[in-house]
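Residue numbers (the UniProt record's numbering), protein chains in the order written: chain A, 1 to 452; chain B, 1 to 308; chain C, 1 to 296.
No lab work stands behind these hints, which were simulated from the structure alone. Zero decoy hints are in this set.
Here are the simulated distance ranges between beta carbons:
(1) Leu47(B) with Pro123(C): 21 to 29 Å
(2) Gln443(A) with Ile120(B): 53 to 61 Å
(3) Phe159(B) with Asp364(A): 56 to 64 Å
(4) Pro33(C) with Gly350(A): 54 to 62 Å
(5) Ala281(C) with Gly74(B): 47 to 55 Å
(6) Val96(C) with Val393(A): 57 to 65 Å
(7) Glu373(A) with Trp280(C): 47 to 55 Å
(8) Asn67(C) with Ser302(B): 50 to 58 Å
(9) Arg172(A) with Ala82(C): 38 to 46 Å
(10) Asn385(A) with Ser81(C): 37 to 45 Å
(11) Gln390(A) with Leu277(C): 57 to 65 Å
(12) Ala82(C) with Glu373(A): 25 to 33 Å
Here the structure is a predicted model, which is why all the values come from computation and not from measurement. Positions of the beta carbon are idealized from the N, C-alpha and C atoms, including for glycine.
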Amino acid sequence: MFTNAPRGVPLVAAATGLALVATGCSGAGGAGADGDRIVTVATVSNPQMEDIEALASEFNDAHPDITVEFVVLPENQLRDRVTQDIATQGGQYDVVTIGTYEVPIWAENQWILSLDEYAADPDYEIDDIIPTVRSALSHEDQMYGAPFYGESSFLMYREDLFEEAGLDMPERPTWEEVEELAAELDDPDTGTAGICLRGVPGWGELLAPLNSVILTYGGQWYDEDWNAHLDSPEVEEAVTTYVDLVRDHGQSGAPNAGFTECLTTMAQGDAAMLYDSTVAAGSLEDPDSSSVVGDIGYVAAPTMETEHAGWLWAWALSIPSTSTDPEAAWEFVSWATSKEYHQLVGEELGWERVPPGARVSTYDIPEYQEAAEAFAGPTYDAIDNVDVEQPGVHPQPWTGVQYVSIPEFQDLGTLVSQEISAAIAGQQTVEEALAKSQEYADQTAVSGGYRD
Amino acid sequence: MTAQTPPETARRGPRTRDLTRAERWLRRGPLLPGLLFVIAMTQIPFLFTVYYSFQSSNLLRPDSDSFAGFANYGSVLGDPLFHNAVANTVLLTVGAVLASLVLGLGLALLLDRAFLGRGIVRTLMITPFLVMPVAAALLWKTSMYHPVYGLLNWVLSPFGVQADWVNDFPLLSIVMVLTWQWTPFMMLIMLAGLQSQSPEVLEAARVDGAGPLAVFRRITFPHLRRFVELAILLGTIYIVQTFDAIYMITQGGPGQSTTNLPYFIYLQAFRSFDVGEAAAAGVIVVVATLVVAMFALRVVSSLFEEES
Amino acid sequence: MTPVTAPPAAPSGTTAPRPGSVRRRRRRRPVRPLPGLLAWALGLLFFFPVLWMFLTGFKQESQASTNPPTFFFQPTLDQYSAVIGRDFVPYLLNSVQASVLSTILAIVLGLPAAYALSLVRVPAWRDSLFFFLSTKLLPPVAMILPLYVIARNLGALDDARTLTLVYTAMNLPIAIWMIRSFLVELPKEVLEAARMDGARRFTEMRRVILPMIAPGLAATALICFIFAWNEFFFAVNLTASQASTVPVFLVGFISGEGLYWARLSAASTMAALPVILAGWAAQRWLVRGLSLGAVK
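Using the sequences plus the hints, can you model the full thing?
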């Protein structure tokens with residue numbers, strides 16, 4: 001009766017065959033000429049990394065046998081993707097872009113290679129790397145990530161609005177002074193917020209500025225014995241200051257504002273101050289993206305109990321231990337983080353686009369000094385002043401400023417940031433948010449095996 | 001119209017028994033390639049997922065794997081964040097499916113009549129369904145909901161409405177985006193249902209003096225039932241799995257107010273790297289939705305009934 | 001209401017349903033302007049966000065987010081040239097390959113399966129049908145790690161063929177459900193004609209049933225294509241540099257530093273254009289195809 005029905009089978013087989021025979025196409029993200037050695041680079045999407053891609057042909061000219069291929073993803077996806085690949089020994093990447101948070105943890109797991117042997121080459125001039133950045137990218141005194149660029153945080157403010165209001169920005173403001181200034185400058189009539197601060201959940205979003213405030217108020221996440229202290233009076237004071245400031249004088253939509261949203265607010269002239277990453281300055285001084293070019297002043301991160309309060313972050317290029325050709329990978333890493341690369345960017349793409357915060361010598365280039373006149377000095381000072389071993393008042397059992405360098409922190413930080421974000425949204429009080437956060441932090445210390 | 005038929009087992013029974021073995025395999029033949037393919041592609045990963053769900057395994061701590069028994073299931077089921085995610089998933093899904101269904105039906109009724117530029121309007125209407133969900137989510141977050149630069153507030157400000165949409169109404173904001181995306185899909189199915197009505201029956205009803213409302217209630221609505229059920233089924237399957245909109249717009253916040261099950265599992269898998277608990281949560285979701293789907297399809301729905 | 005001449009009884013069986021009779025009926029109805037206007041208003045409302053995204057792609061970043069919104073501006077092609085400058089073509093080719101081949105496979109595998117589950121009624125057809133549906137219930141995020149490990153062991157990571165197969169598995173249940181809904185609603189006479197013996201029967205199948213459900217198949221294919229084209233999660237996780245698709249290319253514009261909304265809008269527009277054009281061109285089929293199943 002149905003003798004013909006199975007005729008479908010060969011057809012299916014044919015179609016499957018068609019699918020399997022079809023070639024994988026030429027490959028997305030390929031960069032230039034054929035080479036025998038392929039280096040696959042996972043990068044985070046931002047302007048500096050775009051520049052690397054644009055200049056990769058220069059690398060290819062110098063290394064005709066190496067083909068570089070790029071995978072460009074936003075920060076979160078990149079982190080998820082690369083972690084998954086390396087943890088399962090997937091071996092898809094030869095170079096990965098990771099931050100100061102990951103480097104020590106991944107080095108501990110032996111997921112990435114120590115770069116010391118390679119970097120000992122005198123041409124690489126490893127001593128030219130800004131010391132704070134280098135130590136943040138080291139584990140047991142070996143460098144595991146070559147810094148591509150680094151950032152700290154500082155306070156940006158609208159000089160024109162300050163002048164109009166007859167106010168002066170102190171050279172080294174405290175958070176109390178910032179509170180007063182924000183109250184003065186907050187102008188609902190013109191829609192200008194007193195200050196813009198991040199509020200969106202995420203350990204790399206809200207927690208970065210907030211932790212730098214907690215530290216300078218004398219607070220801490222954990223003491224040296226891994227006892228959580230998120231319910232201490234210092235932390236509560238710091239978080240209350242932050243939450244009140246953004247609720248009373250901050251931008252609208254604060255609980256969903258991350259770096260990009262804050263940058264937009266400031267660039268549109270809708271905030272008088274912005275406490276955020278030093279890399280924001282580049283966009284604020286770019287006429288294509290900003291309407292306040294030339295009106296911005298830059299001072300150090302506001303402090304209370306500590307002398308300095310900026311955070312420290314660097315994107316670094318590391319070589320996974322699963323890379324099939326670490327030598328070729330190093331060729332690329334050393335090229336992209338070299339002095340020569342900075343020259344190349346300046347000459348080819350413009351001096352304001354040189355990656356900041358990686359090498360000391362960058363700040364001695366006259367063209368760069370001129371192009372980044374407004375913010376180069378404050379950026380360098382901010383990065384140089386960070387103490388990654390003990391950024392706050394108390395000693396801490398890890399290296400790093402605005403995060404806790406343990407694998408569990410991504411989860412813990414996300415949970416805590418959700419609670420604080422809810423406090424910014426007015427769904428709960430700061431005390432409630434911190435009580436829950438303390439509980440999470442306490443559980444994490446035990447479940448992670450840091451204390452009993 | 002749905003023809004109610006006697007239970008099909010009664011009818012099918014003898015027929016199947018009469019077949020020889022070879023004949024039975026010939027009848028199954030066309031089904032097998034698709035069935036085997038789907039089993040290979042989905043059940044093998046699923047078995048791995050079940051295996052992981054009994055392991056204590058953290059990606060960031062290699063060599064920490066060990067057998068965990070039901071510990072992962074216990075900690076997921078006892079986690080208040082998981083309960084919260086279940087509640088959010090139900091609210092989100094019911095809200096978005098119902099809203100897009102009602103809107104889709106209304107639009108389909110409008111588009112079922114002739115008017116100037118009907119083809120253009122239909123074209124405009126289906127476009128939201130074609131935009132990539134990732135891009136659509138960012139579009140709403142950046143251009144529509146933003147409290148200062150958002151068009152929603154700009155349009156509504158003359159009426160005195162000034163809201164911080166995503167923070168004041170987080171779930172509603174997500175539901176609105178999903179409704180925007182899924183209404184065209186619902187509309188297409190409803191429109192198909194409307195246009196497949198038998199014109200003779202409609203005319204006959206009108207000739208008999210039935211008003212438009214009566215026609216809709218007595219004829220159109222029963223006719224649409226299968227279409228409504230299909231739309232609900234397909235819409236629910238996709239909307240339960242909503243991830244992009246939450247990931248892009250709220251990151252599950254503020255607090256936990258928009259964390260749904262897929263996002264909860266994502267946090268387990270990619271923030272705590274707790275492979276075991278993520279797998280256990282996945283298995284729980286499958287089992288729970290399976291029970292709901294079974295109930296809906298076999299008890300409530302007419303989709304499994306034997307057609308004429 | 002205008003008097004009615006009964007339309008000719010729809011010829012049963014071997015011909016496709018005739019939308020003509022439907023249309024004729026409608027034309028005779030008196031035209032009331034209000035529903036038309038309402039439909040236009042709602043259509044524009046739904047379309048507006050997409051239009052706004054399209055416009056934003058021609059702005060500078062500083063015009064992309066303003067208060068009040070910028071409606072009039074000097075259009076710029078800067079964003080588009082930046083997008084094209086990032087080597088869009090390989091991503092496009094990968095997307096085309098994965099979406100088109102997976103759609104073909106889903107139809108080729110789905111049609112016989114749907115046939116077996118409707119016209120033939122294999123034993124336990126309900127369970128099979130339910131099984132297909134149940135594979136859609138596991139959140140992709142819960143099985144991505146197993147899938148990744150399997151693909152790694154097979155050496156199938158970063159391969160467009162892997163994506164093709166994953167998308168086929170992802171779309172096949174829906175394809176089977178949709179095609180089956182068309183087959184079960186075919187007029188009885190067609191089935192009887194098809195119930196003749198042997199080789200004749202297969203010919204009947206091909207000559208009669210296939211043409212009748214062709215619009216339905218087209219609608220199914222279009223839906224499969226849309227889902228495959230827009231799929232992001234598997235694409236980002238299973239590929240690296242060789243097999244990445246358009247959605248992955250798209251998120252590469254979400255910048256961690258600096259403003260990106262105008263450029264992302266340009267990229268989104270380019271990424272969505274193929275499906276939007278396909279969807280617009282095929283929407284007539286879509287409605288006819290979806291409705292065809294219910295015509296008796």
